[in-house]
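K.L.:
Those protein sequences? They're chains A and B, same order as listed.
Its first residue numbered 1, the first sequence is counted upward by one per residue in full-length UniProt numbering.
Its first residue numbered 1, the second sequence is counted upward by one per residue in full-length UniProt numbering.
Hints in this document: simulated from the structure, not taken from any laboratory.
Being a predicted model, the structure only gives us computed values, none of them experimental.
Where hints are given, some of them may not hold.
Residues from chain A that face chain B, not an exhaustive set, calculated with beta carbons under 8 angstroms [said to hold, decoys possible]: (1) GLN61; (2) ALA65; (3) GLY77; (4) LYS127.
Residues of chain A clear of chain B, computed beta-carbon distances all greater than 12 angstroms [what the hints assert, rightly or not]: (5) MET1; (6) LEU4; (7) HIS56; (8) LEU98; (9) ASN143; (10) GLN221; (11) LEU240; (12) LEU260; (13) TYR261; (14) ALA265; (15) VAL266; (16) LEU350.
No residue lacks a Cβ here, since even glycine has one placed at the ideal position from N, Cα and C.
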Amino acid sequence: MRTLRLLLEKEFRQIFRDKGLLPVIFVMPMIQLLIMPLAANFDVKHINLAVVDRDHSTYTQQMVAKIASSGYFFIKGYYTDYTPALHQVEQEKADIILEIPAHFERDLVKENKAAVYLAADAINGTKAGLGSAYLNTILGDFNNEIRMKWLPVKMPGAGTIDVTYSNWFNPNMNYRLYMVPGILVLLVTMVGGFIAALNIVKEKEMGTIEQINVTPIKKWQFILGKLIPFWVIGMVDFSLGLLLARFVYGIIPLGSLLLLYSFLAVYLVALLGFGLLISTYSANQLQAMFVAFFFIMIFMLMSGLFVSVDNMPGWAKVIAKLTPVTHFIDVMRMIVLKGSRFADIKMQFLYEIAFAVVLNGWAIWNYRKTA
Amino acid sequence: MKQFMVFVRKEFYHVFRDRRTLLILFGLPVMQILLFGYALTTEIKNAQIIIVDHAGDAASGKLIAMISASKYFNISQQAYADDDIYTDFKKGAAKCALVFPAGFGNDLRNGQVAQLQIITDATDPNTAKTLTNYLTAIVTDYQQQINPTANIPMRIEPVTRMLYNPALNGSMNFVPGVMALVLMIICTTLTSVSIVREKEMGTMEILLVSPFKPVYVVLAKAVPYLVLAMVDFVIILLLSILALEMPVRGNLLLLFMESTLFIISCLSLGLLISSVTRSQQTAMMVSMMGMMLPTILFTGFIFPLENMPLPLQLISNLLPSRWFYVIVKAVMLKGLGIGVVWKETLVLAGMTLVLLTISIKSFKTRLA
Numbered sequence: 001m002r003t004l005r006l007l008l009e010k011e012f013r014q015i016f017r018d019k020g021l022l023p024v025i026f027v028m029p030m031i032q033l034l035i036m037p038l039a040a041n042f043d044v045k046h047i048n049l050a051v052v053d054r055d056h057s058t059y060t061q062q063m064v065a066k067i068a069s070s071g072y073f074f075i076k077g078y079y080t081d082y083t084p085a086l087h088q089v090e091q092e093k094a095d096i097i098l099e100i101p102a103h104f105e106r107d108l109v110k111e112n113k114a115a116v117y118l119a120a121d122a123i124n125g126t127k128a129g130l131g132s133a134y135l136n137t138i139l140g141d142f143n144n145e146i147r148m149k150w151l152p153v154k155m156p157g158a159g160t161i162d163v164t165y166s167n168w169f170n171p172n173m174n175y176r177l178y179m180v181p182g183i184l185v186l187l188v189t190m191v192g193g194f195i196a197a198l199n200i201v202k203e204k205e206m207g208t209i210e211q212i213n214v215t216p217i218k219k220w221q222f223i224l225g226k227l228i229p230f231w232v233i234g235m236v237d238f239s240l241g242l243l244l245a246r247f248v249y250g251i252i253p254l255g256s257l258l259l260l261y262s263f264l265a266v267y268l269v270a271l272l273g274f275g276l277l278i279s280t281y282s283a284n285q286l287q288a289m290f291v292a293f294f295f296i297m298i299f300m301l302m303s304g305l306f307v308s309v310d311n312m313p314g315w316a317k318v319i320a321k322l323t324p325v326t327h328f329i330d331v332m333r334m335i336v337l338k339g340s341r342f343a344d345i346k347m348q349f350l351y352e353i354a355f356a357v358v359l360n361g362w363a364i365w366n367y368r369k370t371a
Numbered sequence: 001m002k003q004f005m006v007f008v009r010k011e012f013y014h015v016f017r018d019r020r021t022l023l024i025l026f027g028l029p030v031m032q033i034l035l036f037g038y039a040l041t042t043e044i045k046n047a048q049i050i051i052v053d054h055a056g057d058a059a060s061g062k063l064i065a066m067i068s069a070s071k072y073f074n075i076s077q078q079a080y081a082d083d084d085i086y087t088d089f090k091k092g093a094a095k096c097a098l099v100f101p102a103g104f105g106n107d108l109r110n111g112q113v114a115q116l117q118i119i120t121d122a123t124d125p126n127t128a129k130t131l132t133n134y135l136t137a138i139v140t141d142y143q144q145q146i147n148p149t150a151n152i153p154m155r156i157e158p159v160t161r162m163l164y165n166p167a168l169n170g171s172m173n174f175v176p177g178v179m180a181l182v183l184m185i186i187c188t189t190l191t192s193v194s195i196v197r198e199k200e201m202g203t204m205e206i207l208l209v210s211p212f213k214p215v216y217v218v219l220a221k222a223v224p225y226l227v228l229a230m231v232d233f234v235i236i237l238l239l240s241i242l243a244l245e246m247p248v249r250g251n252l253l254l255l256f257m258e259s260t261l262f263i264i265s266c267l268s269l270g271l272l273i274s275s276v277t278r279s280q281q282t283a284m285m286v287s288m289m290g291m292m293l294p295t296i297l298f299t300g301f302i303f304p305l306e307n308m309p310l311p312l313q314l315i316s317n318l319l320p321s322r323w324f325y326v327i328v329k330a331v332m333l334k335g336l337g338i339g340v341v342w343k344e345t346l347v348l349a350g351m352t353l354v355l356l357t358i359s360i361k362s363f364k365t366r367l368a
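For reference, chain A alone in the conformation it holds in the complex:
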């Protein structure tokens, strides 16, 4: 026990001595938590439209006015030809081209139907899909309006369906509620993962590990001595972030804080075990960093925070399930936003405990074999 205490004292001293590192561990994540959630907004609500109007009729003017007043579309320019409109798309200044053919109004009145053409920049498929769907809805509304003006008789036939919507847990559809807890998880993951991955290998590179190896310290004491300081850092970072979420974004966890912290405690052990494992396998800090980068990037992008796990192919879902971050982001949202209880997150807890045991066991086993 005394050995462990001495080890811990040494580790804490080393961390707090490095004046360059402290701001990176504590200040940088908080600044990012302040800024990043403002940037993370999927909402497609700003679509630039280039209009090619070959008809120049009252109807086309009314139609464009209706589109412009919808709030989703910004009319970037009017053209009489397709080519200059396409140039706007090429330069990323327009997302969708709306082309109204000549004789649009005449055809609509005389032939009873008229076509309009939409061309969307589909490299970003979501934006193109949603944008043209919005546009279709607006065109449909406009169509109904002019039809009602000409033929104010309701069509006979079956009834209509009236759809009502309710959005639970987040009725205002606030993105920040969704992003802040997730980003906090990522920040704690990065700090803990990177710093643990760099640690043992740093001693290897500096040669100080030889000195520890000749002492009668047990493997598990050594690993534990490395793990505990970072665990404390992770806890502190997370708490700071939670306070920030409360006072800046007004996010107060609905569920039990005790449950949240118990999960965090297990999660951090798993994550740090993973970092230490990388460290025991690496020959220098650069290697450790790149391996850590590789995995943490996978953790981040496949965690379901940016891109929903449900949409991934089966094998990718397996990978997502095998990363500790996915479960923590899940649990974080469930406890903070939905007030879920232990019974709801039992499975995730089991996963996390399994990660913690396997990763740390592996790290202890592998340490000294390579040192």
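Fit chain B to the given chain A structure using the hints.
P.N.:
Chain B only, in chain A's frame:
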């Protein structure tokens, strides 16, 4: 010049002696681009939906059949009570629910207004909105089926065309983004360690007493990494063409030149970090911790930049990857030339110049 080449050679030796790091440097981007290229998509498929059918008639049956036939939804279980929705949402077992009130089909048949309720778990607003849109579209479809519109007068018929990506393939958007992201992080980190490592090891002193301008010391360090990163880029590009079926519609040489410029700008950023930090650990934490999330968010391949508040849009302009992403999309996917991307190119070039100058300057002051 001869001296410079000697230094470059020394740096090359350093880099290529470490086989394991090399393996990591080539292996990791390859795996990442494949993994993300195949796995990431914002298209929603197979979302779990709860159906609560109090009507149980032909109309609700038909609608449920249409929903289960669509690729967007998986019906988790039928015969639910309203309370189960709450429980399932809490467990994260379903994303949305559709409730048919009793008499749904009757109302519809009698020409009345039939009610239908869509409930979403809006903790994830994006998924909630998208699923609502899909469901609404299916309901509209159904309504058109029972209410044929074929001979409705005065029809405006929108004809939609998807430019550059008619199949709405998700990787079209993600591959250029991941390319920019991976190159940016790798290049920045590589050089960020280079100078600080010599400082930490004490070998910097030896370099500085040599009759050699510090500028060259810095530049010589960057050359091997430039070569490495360019090879990395070629591998990534080949993979995205061969494995991920990305088209290269524009000029390959232009794409290559632009990437070189981008790589140099990231290397310069790394040099800057390296000359202002004191330990490898700090340098790496700054370049990884400080760059990863901002690069993911501000490159524009996940979250649209134009949605962000103005100050954040301005911040995003400071990231080289944001400009490179636009260039790759334009040249590779849209087949455009320098005539369209000259502005982005100029910005990248300007950035590189500024970053290099500052890093060389700040390196000099440490000498004094």
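K.L.:
Confirm or reject each hint.
P.N.:
Results of checking the hints against the structure:
{"no.": "1", "hint": "GLN61", "in the structure": "15 angstroms, violated"}
{"no.": "2", "hint": "ALA65", "in the structure": "15 angstroms, violated"}
{"no.": "3", "hint": "GLY77", "in the structure": "16 angstroms, violated"}
{"no.": "4", "hint": "LYS127", "in the structure": "7 angstroms, holds"}
{"no.": "5", "hint": "MET1", "in the structure": "29 angstroms, holds"}
{"no.": "6", "hint": "LEU4", "in the structure": "23 angstroms, holds"}
{"no.": "7", "hint": "HIS56", "in the structure": "17 angstroms, holds"}
{"no.": "8", "hint": "LEU98", "in the structure": "9 angstroms, violated"}
{"no.": "9", "hint": "ASN143", "in the structure": "5 angstroms, violated"}
{"no.": "10", "hint": "GLN221", "in the structure": "23 angstroms, holds"}
{"no.": "11", "hint": "LEU240", "in the structure": "15 angstroms, holds"}
{"no.": "12", "hint": "LEU260", "in the structure": "15 angstroms, holds"}
{"no.": "13", "hint": "TYR261", "in the structure": "20 angstroms, holds"}
{"no.": "14", "hint": "ALA265", "in the structure": "21 angstroms, holds"}
{"no.": "15", "hint": "VAL266", "in the structure": "19 angstroms, holds"}
{"no.": "16", "hint": "LEU350", "in the structure": "14 angstroms, holds"}
When each numbered hint is compared with the structure, violations occur for hints 1, 2, 3, 8 and 9.
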